[in-house]
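S.K.: The chain contents come next:
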Amino acid sequence: MKRLLLVLLALPTLVFAEDTLSSGDTAWMLVATAFVMLMTPAGLALFYGGLTRSKNTLNTIGMSLGAYAVGTLVWVLVGYSIAFGDGDIIGTGKVLLSGITSESLSGTIPELLFVAFQGTFAAIAVAIASGSMIERVKFSTYMIFAALWIVAVYAPITHWAWGGGETLNFGEMDFAGGTVVHLNAGIAGFVVAMILGRRKDYGKAAIKPFSPVLVVLGAALLWFGWFGFNAGSEVAADGVAASAFLVTNVAAALGVIGWVALEWLIYKKATLVGGASGAVAGLVAITPASGSAGVEGAIIIGFIGGALGFWAVSKLKHMFKVDDSLDAFWIHGLVGIWGSIATALFIADYAMPEDYSLGSQLVAQFSAIGLTIVYSAIVTAIVFYIASALTGGGRVDDETESRGLDETTHGEKAINL
Amino acid sequence: MKRLLLVLLALPTLVFAEDTLSSGDTAWMLVATAFVMLMTPAGLALFYGGLTRSKNTLNTIGMSLGAYAVGTLVWVLVGYSIAFGDGDIIGTGKVLLSGITSESLSGTIPELLFVAFQGTFAAIAVAIASGSMIERVKFSTYMIFAALWIVAVYAPITHWAWGGGETLNFGEMDFAGGTVVHLNAGIAGFVVAMILGRRKDYGKAAIKPFSPVLVVLGAALLWFGWFGFNAGSEVAADGVAASAFLVTNVAAALGVIGWVALEWLIYKKATLVGGASGAVAGLVAITPASGSAGVEGAIIIGFIGGALGFWAVSKLKHMFKVDDSLDAFWIHGLVGIWGSIATALFIADYAMPEDYSLGSQLVAQFSAIGLTIVYSAIVTAIVFYIASALTGGGRVDDETESRGLDETTHGEKAINL
Amino acid sequence: MKRLLLVLLALPTLVFAEDTLSSGDTAWMLVATAFVMLMTPAGLALFYGGLTRSKNTLNTIGMSLGAYAVGTLVWVLVGYSIAFGDGDIIGTGKVLLSGITSESLSGTIPELLFVAFQGTFAAIAVAIASGSMIERVKFSTYMIFAALWIVAVYAPITHWAWGGGETLNFGEMDFAGGTVVHLNAGIAGFVVAMILGRRKDYGKAAIKPFSPVLVVLGAALLWFGWFGFNAGSEVAADGVAASAFLVTNVAAALGVIGWVALEWLIYKKATLVGGASGAVAGLVAITPASGSAGVEGAIIIGFIGGALGFWAVSKLKHMFKVDDSLDAFWIHGLVGIWGSIATALFIADYAMPEDYSLGSQLVAQFSAIGLTIVYSAIVTAIVFYIASALTGGGRVDDETESRGLDETTHGEKAINL
Amino acid sequence: MKKVEAVIKPFKLEDVKDALAEIGITGMTVSEVKGYGRQKGHSELYRGAEYVVDFLPKIKMEMVVGADMLEQVVNTIVEAARTGKIGDGKIFVSDIEKIIRIRTGETDIEAV
Amino acid sequence: MKKVEAVIKPFKLEDVKDALAEIGITGMTVSEVKGYGRQKGHSELYRGAEYVVDFLPKIKMEMVVGADMLEQVVNTIVEAARTGKIGDGKIFVSDIEKIIRIRTGETDIEAV
Amino acid sequence: MKKVEAVIKPFKLEDVKDALAEIGITGMTVSEVKGYGRQKGHSELYRGAEYVVDFLPKIKMEMVVGADMLEQVVNTIVEAARTGKIGDGKIFVSDIEKIIRIRTGETDIEAV
Ligand SMILES: Nc1ncnc2c1ncn2[C@@H]1O[C@H](COP(=O)(O)OP(=O)(O)O)[C@@H](O)[C@H]1O
Ligand SMILES: Nc1ncnc2c1ncn2[C@@H]1O[C@H](COP(=O)(O)OP(=O)(O)O)[C@@H](O)[C@H]1O
Ligand SMILES: Nc1ncnc2c1ncn2[C@@H]1O[C@H](COP(=O)(O)OP(=O)(O)O)[C@@H](O)[C@H]1O
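Protein chains in written order, with the working numbering: chain L, 816 to 1232; chain W, 816 to 1232; chain D, 816 to 1232; chain C, 14 to 125; chain H, 14 to 125; chain F, 14 to 125.
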């Protein structure tokens, strides 16, 4: 009898997953959601705010905070319904979370928790994109853009990848949102940067970051939160979550090493901004692969992620005329593409599907990448033009730009000694 | 057989809750406790420290750190016994946690963990109150006040609300401490601010916050920790915790929106200090309602919380002569009252008790509010006079006030470039 | 039948621990690992970075970030194998985590998670040691040192204490690494400080910390993370974890009180740097005892930890000529010794082994302390000489030292106003 | 024209500025400086070590005024900035040969 | 030798420096100051209270030049720093008796 | 009375202050400035882009002394501040017409 019971308890949760709430899984997902939440108004806010010139630091931080606030609202209003409601091309039926109670389950966890978890992804996506627009986009334009973008760009793409849509799901392996979140956000940032045009003194004045201390702290909080992002995407506290956790950590570490190693070779300097950026690049790279890569894969994915990030912002970027101010495209978009490809290439033995075919998986990866680039680029542009029109133009006037938005738009200073 | 077992596993934990430790619930509560801990020496410390003038930033931070240290000690010595020991008006029998072992349970979690969780509430309550006193209260006075206040004010009020006392429990719905923690702390702060008198240059000099960057970071950490505060108050990782998590997040987001929207309308500025303050106001407002409100309720509660906070500090406050320096009363006290009323008004369908009567619930809410105001005001005053007497007066001398307490009391500077 | 089942569910997990994954335990350990991760690139980075002069703040932060990155890599490559592989004096067989899959368990949690958890310990150990070397050690030397030290010093000592080695395990009670991590790191720091020599202006110029705000924030994050460090060392979400959590919190609080109380008595100042340092000292002191001490023990251990830390850095330190710049030895080493002794002295009734003998336990504690001091001192020196040789000398030139490493090695400034 | 440089205690800045505004002085340039003088600094602590900070924060105000205003300006500053305690600061007067207003190119007394 | 002190708008610093470099002025000392003048400050908010910041950030450049260069220097600064809007700043010229280059001990015009 | 302004390397401040104290100079005002001169700045990195920082941190010391002390003061500074490397800085001497001690109202040489 005892034996029997124990066998039962050890059964994979899969079978009855729909029926029962697991307090262990729920505990983990409560925390994972909090972790991802922290990434936006703290992690990204400091990372981006520290990279910005002191006269625009608060504005940059405000965009992350605002994106989180507006994103959260829009998500519960309609975003979740579009992304995770029923339907093929678009989800419906869960506006204002209609029909969901505290008893509703999503797998082994309460659906309300799943709503909250996924909402943090929507918010950080649009906050990532803000990095391309800083120091010149109007705050009001950006806030409206953020709301529209989640509805029109983020939610549909999520629906196709994870929400049950079939027609536009190509079978891409994207465990935690390499394509859905990072590539998508990178493309969006780049497109808006193109529309806005460059900052007046871009390429002329020396741009000093407000504080590398904040940049590192922001990156550390992102790294911390990313455990929720990646290992939380398993939506359970199990071996896959553990594996995702470990490879996330390893790839981030290698991202630091990859970026700083190159920097050291080329400039004989090991910057903190570089180390922090490398960590983010490593994390972006491992995101889609975090559910399937093993430790060797993570080492390679992270190292190349960091090195690629460095090469992109220090060389490749200068071949383009676009002022992607904080490199959202280069670090989240380009490295995100690398991550998606790498996901197909580096699969741990223990995670390898029996009938795996590299060729067809690569096709799936590229299809999803392609769809995301095209859809995100077009609809982001439309949405941004709408937001601009509603706010009388999307770019601040020259005087505001040269005095900085902290003083003009927010009436505040980052630090008063 | 299989069926039977699964049914069993799915049974609500309530029935046998007293008998068994749940590792899932314990996991969540370990984390929730850590989250709430972080709110005081990091979240509130930075939020308040950033709002203070640079010459008093460290002193303000030191009050939060000190409150946490002293509060933790006092709590295990006698606070927990008063609050959660047996007894009607006052608890007894658990001085120095007597009789509690690592095997003792409190519901499905170890009682020692419950002790730690509740201790973090006591500490943050008195730290919140410090916001009304800064830039002029003596550090030593405050530290003694903190110890006495937890014993004489916080622990009894907690006992009545949550600790098993019956005579003074009016059936208020206060899931996570809107009245117990926030209103209580707001009143305490206000009373001490009245006793201390205003800062010499209050209303004359322009008071520049040390750093809105720290204010936002502090608010983000508070928001993060508040998930532990509210969803942790369920003391289990279940659907109610998930619901509490979600509505907490939504209300905080709407608090940001409510505050900044009004600010934008009136001043044409969107400040970061305002956004951060709005988040806190939204969180305060949802606290008592977090176990029962649904998402629509959270939207309304949070938005009004933020808007009310703004209106209170920018208009209402100036009709009083009291120098509640960092607005502990306005944001925690007044908005806390709103939260308590709103708790009775906005209940999710799925959380609605069968025999609910709005009228009698409102009476219960107002009774608890009234008791808290009266008791907290009187005993806070007594306790502060004692602390003042023990330290030769509760207010620093004029020179110390004008040079700032960082230099004089702590011998340090917030930043040395 | 019901009864039977419930009894079964309540059975101690020990018996079948090897067989079954517990989602509750796994949830907690996912979080605990993230918590400990945060300690290095955020907690320690800010604590140390804030204590350093502004011209070397970034360098100091970079050492923590770099230690975490390099440590993570080295750990999965060989560190884990040495520490937790099979073998008496040294572990083997798990290079690059060979043989571990997402299904492998370590107790009730996935082994991959255990790998990650333990890796965070290795990284923070070498980061702690960096505090003794700052403002003069070459960045490249330190990075190589970090890698070698984890392999040659940290991993073997861990193997003896926790990894299954028998010959060199003296039965020391060291629940969470008082000896393995803190004493070990303190000794390593001290030895390197001796080899490097003093900073040129040590004892002459007034050394102003960059920012006590960062010091307190760093300490708060360390405190937060330490819950993962200590309560996570139970590797389960149960009553012992709860007890460890509570006593950790109490000892940290008392560390603050112990340090600041003495400071106030002697200098009439209550510094924030002191409060933060006291918290760390209290945490170090309780670390080995966290699985066994009760609340009274925690009060004594923490208070003496804080007071001892203060006395050590303000008095004892000046009797030595070694420039242990951020007091890694005094706070982690010396207070770590106190913690180890105290572990034998203060055991909660409920944790007391039946056949406990204080005398033989003290012998065990001192044996482990002695072994750690001797082994760590000798091998650290060897390893540091190797790292120096590989980088053309371990110390920067005089001009670099006087201009600061931020500008020279990293090409950056902590803050650009 | 004369240049008046006054080193004063930081918390007196507002008072001095207001007093000068009353006598019609509306142009000035202010900077944060550190002063070393008879006033002794305070001591700061660093992890249990006490050290003396001998440079104290001061504010330096510079204003160029017509020679006719000189006395009035000096007296106004002295009155508004005085606390009677050590460290109140000093005023230095020197000669200015030429002033140009950048915006208009006006020079000398019109440019003040 | 003459000392030229120019108070300018911060974002003009690079332009002025470059313009001066073109006419051969390569030595100068720059500091961050706050200016008070006809240009009105902006208002800042503090938790719902608006207050006026009447000191505006400015840059002060100081350079000592030979008397022969004076006019050219002043003209160059005026040209490079002018925006035509209020708050462009001022230039003050005064006399310097002696210069010493610390490194070499050279004095006066060789030390410029 | 003479005003001595010395622009020196930051890490020499303590030495110069001590040397001046020895010859009895105990009043001075110090500020953080940025210098531009023959000494070339270092390069900083920003996310893979290298840029040259051409303004270097310097310390400006100002002290007003009696004319009789002038030479001694200048020599003391030169000696204490010299490293022999480029960027050691300069000393400028000018005339001060009047000094007033705010606390007492004392003027001129008594006020130094
Ligand atoms: N000879 C001097 N040259 C330049 N600045 C001076 C001189 N003497 C004093 N100061 C400035 O004036 C400030 C006040 O001087 P101090 O001697 O402390 O007090 P008091 O003005 O009351 O005599 C000093 O901190 C310094 O900034
Ligand atoms: N009399 C003065 N003495 C010293 N500095 C002055 C004087 N007048 C103006 N300034 C400086 O010049 C700056 C610009 O002056 P302002 O009156 O605002 O505009 P404008 O130069 O266009 O007349 C001020 O901010 C101040 O720093
Ligand atoms: N003509 C000048 N006017 C004002 N300050 C100057 C002048 N020339 C040099 N300086 C200041 O002196 C500092 C040192 O000058 P620099 O030419 O770099 O080296 P050196 O003093 O060895 O010749 C500069 O950074 C600048 O602050």
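Do not rely on the hints blindly, as some may be mistaken.
[Claimed, not checked] Calculated cross-link-like contacts (lysine-lysine; reagent style DSS-like; alpha-carbon spacing at most 25 angstroms):
{"#": "1", "chain 1": "H", "residue 1": "K98", "chain 2": "H", "residue 2": "K30"}
{"#": "2", "chain 1": "D", "residue 1": "K1083", "chain 2": "C", "residue 2": "K15"}
{"#": "3", "chain 1": "C", "residue 1": "K53", "chain 2": "D", "residue 2": "K1084"}
{"#": "4", "chain 1": "C", "residue 1": "K30", "chain 2": "H", "residue 2": "K30"}
{"#": "5", "chain 1": "H", "residue 1": "K30", "chain 2": "F", "residue 2": "K30"}
[Claimed, not checked] Just a few of them, taken from the derived set where beta-carbon distance is under 8 angstroms, the chain F residues facing chain L:
{"#": "6", "residue": "L58"}
{"#": "7", "residue": "G61"}
{"#": "8", "residue": "E63"}
{"#": "9", "residue": "Y64"}
{"#": "10", "residue": "F68"}
{"#": "11", "residue": "P70"}
{"#": "12", "residue": "K111"}
Hints listed in this document are in silico derivations from the structure and should not be mistaken for laboratory results. Here a beta-carbon is modelled for each residue, glycine too, at the ideal position from N, C-alpha and C.
S.K.: Output the indices of the hints that this structure fails to meet, ascending.
M.R.: As far as the earlier hints go, 2, 4, 5, 10, 11 and 12 are violated by this structure, in ascending order.
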